[in-house]
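There are 2 protein chains.
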Amino acid sequence: MRLSELGEFGLIERIRKTTPKGPGVRIGIGDDAAWLECKNRSFLITSDLLIEGIHFDLRWTSFYELGYKTLAVNVSDIAAMGGRPTYLTISMGIPVNSSTKKVEDFFRGIRALGSQTGVTLVGGDTSAARLVFVSASLIGQAPFGAITRAGAKEGDDIYVTGTLGDAALGLEILKKNQKVKKWDRAFLISRHLFPSARLKAGLILAKERLARAMIDVSDGLLQDLGQLCKASKVGAVVWSEALPLSRAYHSSMSKNGPVHALCGGEDYELLFCLRSRDRARLEKVKKRLGVRITCIGKCVPSRHGIRVITSKGKSLPVPLMGYDHFKSKFPVLTS
Amino acid sequence: MRLSELGEFGLIERIRKTTPKGPGVRIGIGDDAAWLECKNRSFLITSDLLIEGIHFDLRWTSFYELGYKTLAVNVSDIAAMGGRPTYLTISMGIPVNSSTKKVEDFFRGIRALGSQTGVTLVGGDTSAARLVFVSASLIGQAPFGAITRAGAKEGDDIYVTGTLGDAALGLEILKKNQKVKKWDRAFLISRHLFPSARLKAGLILAKERLARAMIDVSDGLLQDLGQLCKASKVGAVVWSEALPLSRAYHSSMSKNGPVHALCGGEDYELLFCLRSRDRARLEKVKKRLGVRITCIGKCVPSRHGIRVITSKGKSLPVPLMGYDHFKSKFPVLTS
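Top line first, the protein sequences correspond to chains A and B.
Following the working numbering, the numbering of the first sequence begins with 1 at its first residue and continues without gaps.
Following the working numbering, the numbering of the second sequence begins with 1 at its first residue and continues without gaps.
Mixed in with the good hints there might be a few duds.
Subject to a maximum C-alpha distance of 16 Å in a straight line, what follows is the list of computed EDC-like cross-link-like pairs (lysine to aspartate or glutamate) [to be verified]:
(1) 101(B) to 65(B)
(2) 314(A) to 241(A)
(3) 230(A) to 13(B)
(4) 284(A) to 208(A)
(5) 102(B) to 65(B)
(6) 39(A) to 37(B)
(7) 39(B) to 37(A)
(8) 230(B) to 13(A)
Source of the hints: derived by calculation from the structure; they are not laboratory data.
Looking at chain A on its own, in the form it has when it is part of the complex:
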């Protein structure tokens, strides 16, 4: 069935019926606003926009994957504050001749990650549009207080969760239909389509008061490190050989070098800063984080800016701006 046959109200009714009523939802989908309970006397809110042709390509992204990813990128923002996500609103523009099944697949993707992360859909809006776009707002709690980008100090260690650059390589494989070993291909593409928001790690780092400043790596390591450094008024040294790279990344390393790990977007790993004296405490909780963590550099005085250095002490040229949606530049590192 096409959306033009089902109609807006029919669609909303279907979404409402398939959405489980979550905890704390006094009024969910279908009224003028949702009415929700609030613990901790405070809450977090983050909003993200995903537009066809800019943030995703329907040639290689299914609606299920789009739904999953929409929630994942927002959960990642809540994780980067050390929070726990709770309620979601989705506003969606979509061509009227689209099949109803696509929209239902989208919300299946939302529910799949929602049930893993404790997120309930509580409202939103739909409209006919020439292309597909999704605007999400995710509410969260900050049971241990929120961790901003602004708390890093000179001398702090810089850590990152997981591995870097996989999602950007995955996207490149999809775009250029590159030949890569079967398993590497599957791994890298899944890192692009199903980003892993580091919810557990973010919560533990907040609870144990380990991360002094935190951000998620969405626009590329250097770009997001730049944001953190700017907010914290520090500079940074990154050790290029310390960057955590996956085996799949390594096998295509010869061609690319560390450029995707430094500048590639959509990793949705957490980047955080730690007092040096807290290293031992971090070691103790390491296993509970649910993901590997790697020390990739140090905070330095802000006048030094951001530098990437090799083990031989050689500086790699650093493009301070990564991906900018209005400037649309993707920097290429030539070392």
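Fit chain B to the supplied structure of chain A, relying on the hints for placement.
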């Protein structure tokens, strides 16, 4: 300056600098998420989408007006729950060759109504897009509990604030460049461009426990009354001669009859149901509401559906569906 020169981060910085820090904002624009205080242990959230060519036309809508209206339609949703709005996130798609001034004008429009209604901008997202669209999420409090669409009972009186159909007539004047008396023209167009969210009325009706069910008239009276009746499991009789019409509406009445008042969208008036025995109590608070209210009909058993009748007892044919974004039908009443 063009957005392509200023860049995304430059733009966000400008918006951040011009946004006053509101009460209860622990962390505002510029981090992974905003961190906000929450009174009353509960909150409301509503989301709305406005797309160029569907919800607004830049030929006759300035960016300032678009900003104002974006907030107004969301405030209206919070008002319809009997709530008070607090925090706003805005996600915006806009062509990269747009001038920075346009975006600044948009946020000036937001601030203009925001300062009147106690709303603070706390976050959002921006992206390049082929056309302009805005997705807003507005948080609110429900200090007296939320009023849903579902509380109406048979025998209840049906009331509406303000006058109906003006915004739809205003839009028609803009679209067809119709000739109307100067003052009527100005009034009707301003009703389309600067909708008046009935915040004070909604709050008082909630506080005094007068409205048993409430909705805002955004898609047309019959459509929204249909939603309220469906949720409340009642039918309704509307008296066509009782519909509150402005003087400007009356002067063009001969041509249009009550069709715009019954089916025209974007009035953003409040439609609410009242126990008959509460009439005297409503009379007492009437002056404090800040807007005229009119009894336009009665709730009846649901099997009777929704009927519009004249004083001579004649039924007007009622199209149950008004505007549907996927079906794109605008019904015409032929009586």
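For each hint, the structure was consulted:
1. Taking the CA atoms of residue 101(B) and residue 65(B), the gap is about 14 Å. The hint holds against a cut of 16 Å.
2. A C-alpha spacing of about 11 Å is found between residue 314(A) and residue 241(A), which places the hinted pair at or below 16 Å, so the restraint holds.
3. Only pairs whose Cα atoms come within 16 Å are accepted, and residue 230(A) paired with residue 13(B) is accepted, the gap being roughly 12 Å.
4. A distance of roughly 11 Å separates the Cα atoms of residue 284(A) and residue 208(A); the hinted pair therefore holds under the 16 Å criterion.
5. Among the hinted pairs, residue 102(B) with residue 65(B) is consistent with the structure: their alpha-carbon atoms are about 11 Å apart, no more than 16 Å.
6. Our distance criterion of 16 Å between C-alpha atoms is met by residue 39(A) and residue 37(B), whose separation comes to about 11 Å.
7. Pair hint residue 39(B) plus residue 37(A) holds up; C-alpha atoms about 11 Å apart against a cutoff of 16 Å.
8. Of the supplied pair hints, the one linking residue 230(B) and residue 13(A) holds, its CA atoms being roughly 12 Å apart against a limit of 16 Å.
The structure shown violates none of the earlier numbered hints.
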